[in-house]
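Trainee: Starting from the given sequences, assemble the full structure and let the hints guide the process.
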Amino acid sequence: MKNPALIGFYTMIRQDTIRIFRIWSQTLLPPVVTTTLYFAIFGGFIGSQVAPIDGYSYMQFIMPGLVMMSLITSAYMNTVSTFFFAKFVKNIEELLVSPMPAWTIVAGFVAGGVIRALLVSILIIITSFFFTPLSIANIFVIIAAAVLTALLFSLGGLINGFYAKGFDGMSIVPTFVLTPLTYLGGVFYSIDLLPEPWQSLSLFNPILYMVNAFRYGFLGISDVNLWICFAVLGGMTVVFFLVTLWMFMRGEGFKN
Amino acid sequence: MPPAIEVTNVTKTYKPRIKGAQEVEALKGVSLTVPAGEFFALLGPNGAGKTSLIGILTGIVQKSGGEVRINGISIDEDPDTAKTFIGVVPQEMNFNFFEKVEDIILGQAGYYGIPRSEAKPKVEQLLKDLGLYDKRKERSQSLSGGMKRRLMIARALVHQPKILLLDEPTAGVDVELRRGMWDYLRRINGEGTTIVLTTHYLEEAEQLSRHVAIINKGAVVTDEPTKELIDRHEGQKLEDIFLKLIEEEKPAV
Chain A
45 MKNPALIGFY TMIRQDTIRI FRIWSQTLLP PVVTTTLYFA IFGGFIGSQV
95 APIDGYSYMQ FIMPGLVMMS LITSAYMNTV STFFFAKFVK NIEELLVSPM
145 PAWTIVAGFV AGGVIRALLV SILIIITSFF FTPLSIANIF VIIAAAVLTA
195 LLFSLGGLIN GFYAKGFDGM SIVPTFVLTP LTYLGGVFYS IDLLPEPWQS
245 LSLFNPILYM VNAFRYGFLG ISDVNLWICF AVLGGMTVVF FLVTLWMFMR
295 GEGFKN
Chain B
452 MPPAIEVTNV TKTYKPRIKG AQEVEALKGV SLTVPAGEFF ALLGPNGAGK
502 TSLIGILTGI VQKSGGEVRI NGISIDEDPD TAKTFIGVVP QEMNFNFFEK
552 VEDIILGQAG YYGIPRSEAK PKVEQLLKDL GLYDKRKERS QSLSGGMKRR
602 LMIARALVHQ PKILLLDEPT AGVDVELRRG MWDYLRRING EGTTIVLTTH
652 YLEEAEQLSR HVAIINKGAV VTDEPTKELI DRHEGQKLED IFLKLIEEEK
702 PAV
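Protein chains in written order, with the working numbering: chain A, 45 to 300; chain B, 452 to 704.
Calculated from the structure, these hints are not laboratory results. Cβ atoms here follow ideal geometry from the backbone N, Cα and C, with glycine treated the same way.
Now the stretches of chain A that chain B is said to cover, found in silico as 3 or more residues with beta-carbon under 8 Å: (1) 49–61; (2) 130–137; (3) 143–157.
Mentor: Below, the structure written as structure tokens:
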């Protein structure tokens, strides 16, 4: 590996991965604990009273959505916090003065978010073994949905990081946008159970497509056509990447 | 050989952050040339525009107008190549204080495309040269102020740049350490590294630089060899000359 841009990219990934493991009690453990509580309370205690959905127990039905929920939050929070911190202590300048092309720097931050999101997802899937048997309908769909969603929300977190002026600025979008959209994105129910207009309105929620693509990978069932799910996911990822790159090159929110 | 730095008619205007506030014209058409191998002092009072100019040279600040060439390469046409020639020691500490000393420098080497295995011996040598070798495994937050300054110098030199920009590198450093840093800077300048130094210690500029430029309120007041400037002012100290030149620029009250 002699390509300078690739060495820079690898350096960024290495640093962030070491950081993720160094502070594992802040980066990896909390989503696992929270999701375990969801498994126990919604899946175990309440779920046992709920009728099967498409032939699967409620616990089996919500498992992919719960993994996706943590994946989204982990990807988003990783990039927003690493970029904001780098801006706050000014070590973003180490990257800005270097000859690394803008796309490599964006890719380096995003890769950190993807790695953390995938690690959290794997840990939650392992935890789910204690509550429900693992069913895999299509492993490639699971991987593609997880990676694309992690990419998308890492990019979203990075945009938030550009503009965040304080610690409050990092939590507004996750609290007031991501959490409601995730809860309304079919994690805990099938939208087929919703009356109109809620069923049609749900189709405007992008997280619905991610949760359903992921659920299809595990259970082989989805409220939405799988190709539409990937078209939405892929399209949004490309748009977010181009917007993030453009903003980074302009130095939006972090350059004078 | 092209000049190390060519700055032509560079302007920088900061837009107001608060509604109703006025724009700040930090640089008003600055032109300077730093030949390769020079030890160049860029002086000026607080707010003169020195840090803005250093920021423009390194790509941290976007200029409003004018042209900048680093080693003959335009920062507008090929910024990534232009950046390979520069190492920068900023005024403020700007490293991750949770990282170990060694990792900060190795990380910077990676950003410049130097593989970790190749960078390791260079990093060890730099840490030895700058008296930080024993601290290499410690978190940077545990270093003293002077050590932090030396860490930033080591980080700036890890890719062996042709040009080293130092923005007040000895601020808050005790006399002994400052003298040690001077010796080190003289040594690397003697080995061919072009040095651009901004400092408020005019004795430092007088001791080290062969060329001085003074900027005030975003414009160049003087730009000439240090010796000629001092000779022209009948052997006065640089500090007195500086004050005189800045005073002349002040508006009458």
